[in-house]
Every structure is written in structure tokens, then in C-alpha cells.
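**Q** Its first residue numbered 1, the sequence shown is counted upward by one per residue in the numbering used here.
Errors might be hidden in some of the hints.
[Claimed, not checked] Subject to a maximum C-alpha distance of 25 angstroms in a straight line, what follows is the list of computed SDA-like cross-link-like pairs (lysine to any residue):
| hint | residue 1 | residue 2 |
| --- | --- | --- |
| 1 | K196 | F67 |
| 2 | K155 | R140 |
| 3 | K184 | K196 |
| 4 | K150 | D329 |
| 5 | K117 | K184 |
[What the hints assert, rightly or not] Now the in silico label distances, taken between C-beta atoms and shown as ranges:
| hint | residue 1 | residue 2 | range |
| --- | --- | --- | --- |
| 6 | H252 | D87 | 36 to 42 angstroms |
| 7 | K217 | Q154 | 30 to 36 angstroms |
| 8 | K196 | G11 | 53 to 59 angstroms |
| 9 | M1 | R300 | 17 to 23 angstroms |
| 10 | L123 | P162 | 38 to 44 angstroms |
| 11 | M1 | Q147 | 23 to 29 angstroms |
It should be emphasised that the hints constitute simulated quantities derived from the structure, not laboratory data.
Where a beta carbon is used, it is the ideal one built from N, C-alpha and C, also for glycine.
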Amino acid sequence: MTIAIDCRMSGKSGIGTFLDGILPFFVQSQHHLLLLGFDNARPTEAVHRSIVTAQNVTCIPCDIEPFSPAEMFHFPKQIAKQINSADCFFSPYCNIPSGIHIPKYTTIHDIVFLDIKGIASPLGTLVRGICYRYAIWKSRAIFTVSQFSKERIQKRLGCKKPIHVVYNGIPSYIEQEPSRSIPKTNTIIFIGNVKKHKGLLTLLDAFAKLRIICGKKSLVPPELVVVGSGERLRTAETIPEHAREGVTFTGHVSDEQLLELLAAARFLVQPSLYEGFGIPPLQALCLGTKALISDIPVFREIYSGFPVVFFEAGNPEDLCTKMEALYTDKSPLPAIPARYSYRRTAALIQQALERS
């Protein structure tokens, strides 16, 4: 079977992490792959040359941006013709170029823009809703990364098409990391952006309280490290100055830097109000770092049976109490279940494509 895969988001966070996680396992399959957006003459930093030069891979260079007018209305006919020579088209997101006539399969990771008000402008929310519904209309089946997201897609978008839950996995740069001993510091780490649903303001409120408590108890005050690209942290200036004490905004960091920050942290806090999956706690646990996460339904689903600590979402007092307990707890982290891997995710996607 020949599978065309949209790889234009490779190397980026979010969707790119999902794509780059499953892609090596597609290459290991017996299928022939047409990789849209890759150029074997100029492999990107995020993709090993072994992928773009594999015998079962044909690269289709393309600089048309996803969701751009050119993609939706004027996608190059020659590129569309190449894609249409495949048996099916798979997108790691919900975008579909015009002129694609073969069976299409798209991925809706979550519908946070529809479920949480204020994340996007009313026009932006409307456009995203149209894109989700268009993807459902055009796709033979949909993939998503949690049972929670599947239920929200069915309820909010009225999706009647098959929806396959395939979950996320552990990024290769963590999964392949040799065990090494990194001393724990007095840092607490947060990975994400400053959008409303990530809960960072709740964390900053609880963190300020924790520093006061530590001062009264003569404990070394903790430091909070907020990791995310400059673009994702573009609203950081809205955070009050008094809430910045002891807080470091790193901006974008390399995979190696992220490994070191995560491994050295006392624990990770993921105070999200909404997620489709939520990878950072899994990353932390795999590196021997404890995770304190909100008790939202998707986290209850994804991290059931994992050695995590839950707190009441949006409650800075409860978060502060749990943070104080973890900050002074030096007990070792129990073993974590081997439940999620991109190898398994890729296999589930391929099985769904083959069955169709």
C-alpha cells in the first residue's frame, strides 16, 4: 500500500511532536510512503537522513503552508497529482489540501478552541470550527489522542464517522535517553504556554504562597522554570510583576536542554484546565521526575495507574498544599507503566488504514 503523509509540521511542537514520533515506525513498515513537505536533498533538522533516503520513501517538496488560502483553494495540481497516486492520504492534523481525491484520514487532537471560550477571537473560533467540520466531512475516519477527545468530538461536532483513539507516546529523544544520574535541584518545572486553559496563573498564585511558606519554615525557596517558545509565551507580559519572583521564563529550549531541566527538577506541575492528552507529565515521569497534575477528566484517563499526584483544577490553595508536600518529599519515584509508545500509535494508525 502507498500512503501519502502530510509532513509539513515536522519539527514543530504539538502536532510536529506527534508526527515525528510516529514517522520512523511508518518507515519501518512494508508500505511505500509519499512524504509531503520533505525534500531528500535538504533534510530538516528534525528528520534523520535515514528517513528521507529510505527505499520505501518518496519525498514531495512543498512550501505551501497548512491552512493557507493556497492550500485550501489553489494547491499545486502537480503535487496533488503525486498525492493522488497513493492509496490514501493521512494528515497528523485536520487540514486537507484541495485537489486530493483519494481516501483521506485526519487527526483532531482536541477541540479546545470550541470548548474553552476566550482562547481565540470569535472569528478564529468560527474558522477552527469550520476546519474541524470540513475535515470530518472529507475524511473516511478520524484519529484522536484520548477517549476524552473522542467523546468531545462526537458531542460537540456531531461526528458520525469512525474515530480511532491512538494516544500519544514518549518522544524518541526521551525514550532513547540512557539512564544517567542528575542531582535534583530546588526547581519546579512547567512546560507549556500562557493560554487560559494551561492554568499557569493558578500555578503562579500557588507558587508565590509556597515561597512564603518555605521562608517561614527556613526551607530553601523553590525556583519555578517555565519552558516554552517565545511565540507561545507572547502573553507573559500580562503576568503581574510580584508573581515573577523566583520564576524563570526560558523561552524555547533544545531537546537536550529540556532533558536536563526535567531530570533536575524536583517535580513538574501541569495545572491545565483542558488538554487533549498532556505529554509533559509523561516526559517527566520517564526521566525520574514526579508529576503534580490537575484532576481534569483527560488526566484521570491518561494517568490512571501512574504515580502522579492530583490536585483540584483551578484551586491555588490545594495546589500549594500538594506542592509543599512534594517539595519536601524525597522518596523515590515508583516504576511507571509501559502504556504509551509511538510505535504502538503508528501500528494502530496503519492497521486502521489497512482495514479501510
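**Q** Hint by hint, say whether it matches the structure.
**A** Hint check:
1. Among the hinted pairs, K196 with F67 is consistent with the structure: their alpha-carbon atoms are about 24 angstroms apart, no more than 25 angstroms.
2. Between K155 and R140 the alpha-carbon distance is near 19 angstroms, which keeps this suggested pair within the 25 angstroms criterion.
3. Restraint check: the Cα-Cα separation between K184 and K196 comes to about 30 angstroms, which exceeds 25 angstroms; the hinted pair is violated.
4. Of the pairs offered as hints, the one joining K150 and D329 is violated, with about 37 angstroms between alpha carbons and a cut-off of 25 angstroms exceeded.
5. Distance check on the hinted pair: K117 and K184 sit about 38 angstroms apart at the alpha-carbon level, beyond 25 angstroms; violated.
6. Under the hint 36 to 42 angstroms, the C-beta atoms of H252 and D87, about 38 angstroms apart, fit the expected range.
7. The supplied range of 30 to 36 angstroms is broken by K217 and Q154, whose beta-carbon atoms lie about 49 angstroms from each other.
8. Against the hinted window of 53 to 59 angstroms, the Cβ-Cβ separation of K196 and G11 comes to about 27 angstroms, which falls outside the hint.
9. Distance hint check for M1 and R300: the Cβ-Cβ separation is about 37 angstroms, which falls outside the suggested range of 17 to 23 angstroms.
10. Taken as a hint, the range 38 to 44 angstroms is violated for the pair L123 and P162, whose Cβ atoms sit roughly 31 angstroms apart.
11. For M1 and Q147, the hinted distance range of 23 to 29 angstroms is satisfied, since their beta carbons lie about 28 angstroms from each other.
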